[in-house]
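Q: Sequence:
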Amino acid sequence: MCEQTSILFDMDGVILDSMSWHVRAWQEALGDHGYSVPAETIYMHEGAIEPDTAVAIFSSQSTSIEEAEFQRILERQIEIFSVRYRDRVSPFPEAVDLVIRLHRAGKRMAIVTSSYWDILDGVLPKEIRNCMDHIVTGDQVARRKPHPDPYLAALSGLEERPDRCVVVENAPAGIAAAKAAALQCVALTTTLSEEHLAGADAVLDSHGELVSYLLG
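If you count by our numbering, then the sequence shown holds residues 131 to 346, one letter each, in order.
Be aware that one or more of the hints could be misleading.
In silico SDA-like cross-links for lysine to any residue, where the CA-CA straight-line distance does not exceed 25 angstroms [unchecked claim]: (1) Lys237 with Arg216; (2) Lys237 with Pro292; (3) Lys256 with Val271; (4) Lys309 with Ser286; (5) Lys309 with Arg238; (6) Lys237 with Leu282; (7) Lys309 with Glu170; (8) Lys309 with Glu324; (9) Lys256 with His277; (10) Lys309 with Arg273; (11) Lys256 with Asp269; (12) Lys309 with Ser336; (13) Lys256 with Ile210; (14) Lys237 with Gln314; (15) Lys309 with Glu257; (16) Lys237 with Ala310; (17) Lys309 with Glu290; (18) Lys237 with Asn260; (19) Lys237 with Tyr343; (20) Lys237 with Ile208; (21) Lys309 with His277; (22) Lys237 with Asp227; (23) Lys256 with Leu345; (24) Lys309 with Thr319; (25) Lys256 with Pro221; (26) Lys309 with Gly346; (27) Lys237 with Asp279; (28) Lys237 with Ser336; (29) Lys309 with Met174; (30) Lys309 with Trp247; (31) Lys256 with Asp147; (32) Lys309 with Ala328; (33) Lys256 with Ile208; (34) Lys256 with Val226; (35) Lys237 with Glu339; (36) Lys237 with Leu345; (37) Lys256 with Arg238.
For each label pair, taking beta carbons as the anchor points, the in silico distance ranges come out as [claimed, not checked]: (38) Ser323 with Tyr246: 39 to 49 angstroms; (39) His163 with Gly338: 37 to 47 angstroms; (40) Glu170 with Glu339: 15 to 25 angstroms.
If you're looking for bench data, these hints aren't it; they were derived computationally from the structure. Where is the CB? At the ideal position from N, CA and C, for every residue including glycine.
Generate the whole structure from the sequences, applying the supplied hints.
A: The following block contains the structure:
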């Protein structure tokens with residue numbers, strides 16, 4: 131069993147098998163505004179698709195976007211996801227088992243996500259939520275991932291030291307946020323291959339490996 135007493139989980143792509151639906155919603159919202167962005171680009175920027183990071187997404191098309199227009203796209207993405215895809219989201223079965231086992235083992239846990247509270251409230255099952263000691267959503271912090279703010283907020287909420295925690299992520303922005311907060315981070319290859327997760331302290335190929343990593 132790992133020595134850390136607190137586990138900080140990203141939600142989409144770690145706890146929930148939801149990223150394919152988020153990507154579809156992004157592509158449809160972008161398409162409504164005349165943009166075509168490859169799915170891999172969206173996966174690469176998961177958790178960090180907002181005005182101050184959008185330039186990296188649109189630079190691949192040699193174009194730029196005004197913040198006001200991007201805000202409209204973001205609002206449209208949330209609408210599309212909520213109406214068309216939210217009900218299709220489910221947790222990874224192994225993630226449910228892992229969370230319950232960690233809870234029984236006395237580990238403290240938090241969800242740290244860039245998704246807004248209204249989204250989390252509609253997709254995170256009670257059996258997982260009830261095991262969490264703290265939850266941080268993207269609309270509760272001034273800066274989302276890749277900034278450290280979400281994980282610093284989790285540390286504050288848990289009243290925990292960084293050296294007593296481990297983060298579980300699946301995307302570069304989340305890994306960067308964890309490391310910027312001086313946290314150990316392991317990454318799952320649920321949405322991206324290992325080469326894109328190089329900033330993590332360890333890269334695991336399945337939730338089964340994560341169970342072994344966290345519970346021994």
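Q: Could you run down the list of hints and mark each one as holding or not?
A: Do the hints match the structure? See the list:
1. Lys237 with Arg216: With Cα atoms ~29 angstroms apart, Lys237 and Arg216 exceed 25 angstroms; violated.
2. Lys237 with Pro292: 15 angstroms, holds
3. Lys256 with Val271: 23 angstroms, holds
4. Lys309 with Ser286: Holds, at roughly 16 angstroms.
5. Lys309 with Arg238: The given pair, whose Cα atoms are some 20 angstroms apart, holds under the 25 angstroms limit.
6. Lys237 with Leu282: The given pair, whose Cα atoms are some 19 angstroms apart, holds under the 25 angstroms limit.
7. Lys309 with Glu170: Since the Cα atoms of Lys309 and Glu170 sit roughly 23 angstroms apart, the hinted pair holds (cutoff 25 angstroms).
8. Lys309 with Glu324: Within the cut-off at roughly 17 angstroms; holds.
9. Lys256 with His277: 28 angstroms, violated
10. Lys309 with Arg273: Holds: Lys309 and Arg273 sit about 15 angstroms apart, inside 25 angstroms.
11. Lys256 with Asp269: 21 angstroms, holds
12. Lys309 with Ser336: Holds - the C-alpha atoms of Ser336 and Lys309 are around 22 angstroms apart, at most 25 angstroms.
13. Lys256 with Ile210: 24 angstroms, holds
14. Lys237 with Gln314: It holds: about 16 angstroms lies between the C-alpha atoms, which stays within 25 angstroms.
15. Lys309 with Glu257: Distance of about 29 angstroms is beyond 25 angstroms: violated.
16. Lys237 with Ala310: OK: Lys237 and Ala310 at ~23 angstroms, within 25 angstroms.
17. Lys309 with Glu290: Judged against 25 angstroms, a Cα distance of about 16 angstroms means the pair holds.
18. Lys237 with Asn260: Satisfied, since the Cα-Cα distance of roughly 13 angstroms is no more than 25 angstroms.
19. Lys237 with Tyr343: 14 angstroms, holds
20. Lys237 with Ile208: 33 angstroms, violated
21. Lys309 with His277: 10 angstroms, holds
22. Lys237 with Asp227: Cα-Cα ~14 angstroms, so holds.
23. Lys256 with Leu345: 22 angstroms, holds
24. Lys309 with Thr319: Roughly 18 angstroms separates the two Cα atoms, so the pair holds.
25. Lys256 with Pro221: Distance ~11 angstroms between Lys256 and Pro221 Cα, so the pair holds.
26. Lys309 with Gly346: 24 angstroms, holds
27. Lys237 with Asp279: Within the cut-off at roughly 23 angstroms; holds.
28. Lys237 with Ser336: 21 angstroms, holds
29. Lys309 with Met174: Distance ~17 angstroms between Lys309 and Met174 Cα, so the pair holds.
30. Lys309 with Trp247: 24 angstroms, holds
31. Lys256 with Asp147: 16 angstroms, holds
32. Lys309 with Ala328: 12 angstroms, holds
33. Lys256 with Ile208: 22 angstroms, holds
34. Lys256 with Val226: Answer holds: Lys256 to Val226 is near 11 angstroms, not above 25 angstroms.
35. Lys237 with Glu339: Satisfied, since the Cα-Cα distance of roughly 18 angstroms is no more than 25 angstroms.
36. Lys237 with Leu345: 10 angstroms, holds
37. Lys256 with Arg238: Since the Cα atoms of Lys256 and Arg238 sit roughly 17 angstroms apart, the hinted pair holds (cutoff 25 angstroms).
38. Ser323 with Tyr246: 39 to 49 angstroms: Given a distance of about 28 angstroms, which is not inside 39 to 49 angstroms, the answer is violated.
39. His163 with Gly338: 37 to 47 angstroms: Given range 37 to 47 angstroms: holds, Cβ gap about 40 angstroms.
40. Glu170 with Glu339: 15 to 25 angstroms: With Cβ atoms ~23 angstroms apart, the hint holds.
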